[in-house]
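Asks: Sequence:
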Amino acid sequence: LGREICNIVACEGSERVERHEPLLNWSVRLRNAGFWPMHLGSNAFKQASMLLSLFSGGEGYRVEENNGCLTLGWHSRPLIAASAWQCYLTP
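The letter at position 80 of the sequence shown is residue 281 when you use my numbering, and the numbering goes up by one with no holes.
Hints in this document: simulated from the structure, not taken from any laboratory. Bear in mind that the values here come from a model prediction, so they are computed numbers and not experimental data. Cβ atoms here follow ideal geometry from the backbone N, Cα and C, with glycine treated the same way. Any given hint might turn out to be false.
[Stated by the list, open to error] Distance ranges between label pairs, derived from CB positions:
| hint | residue 1 | residue 2 | range |
| --- | --- | --- | --- |
| 1 | 247 | 216 | 36 to 44 Å |
| 2 | 208 | 243 | 32 to 40 Å |
| 3 | 289 | 215 | 13 to 21 Å |
| 4 | 211 | 250 | 15 to 23 Å |
| 5 | 246 | 214 | 22 to 30 Å |
| 6 | 263 | 238 | 19 to 27 Å |
| 7 | 226 | 287 | 28 to 36 Å |
| 8 | 203 | 260 | 18 to 26 Å |
| 9 | 234 | 257 | 15 to 23 Å |
All chains, please: the whole structure from these sequences, using the hints.
Replies: Written out as structure tokens, the structure is:
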């Protein structure tokens, strides 16, 4: 994650290879490609919360579960999200 952040903050133009987008953009793109979101399950949220409490190293970090996705954030700013998708179209 450190290299990604450095690339986003320090690079422009062709040097910038990381192009992160909001979760909503990915959700629309995946649905349009024939995928449907899958619920990660309550254990994923519990484990993420436990790991965050062990390794956060500071105040303000949070884990949220919204619409089947887990989001790691700092205060009100989302940092990264995890989700699972299944193809619902048959070839």
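Asks: Hint by hint, say whether it matches the structure.
Replies: So, going through the hints one by one against the coordinates:
no.	hint	in the structure
1	247 with 216: 36 to 44 Å	holds, 40 Å
2	208 with 243: 32 to 40 Å	holds, 34 Å
3	289 with 215: 13 to 21 Å	violated, 37 Å
4	211 with 250: 15 to 23 Å	violated, 32 Å
5	246 with 214: 22 to 30 Å	violated, 39 Å
6	263 with 238: 19 to 27 Å	holds, 21 Å
7	226 with 287: 28 to 36 Å	violated, 19 Å
8	203 with 260: 18 to 26 Å	holds, 21 Å
9	234 with 257: 15 to 23 Å	violated, 34 Å
Against the hints set out earlier in the document, violations occur for numbers 3, 4, 5, 7, 9.
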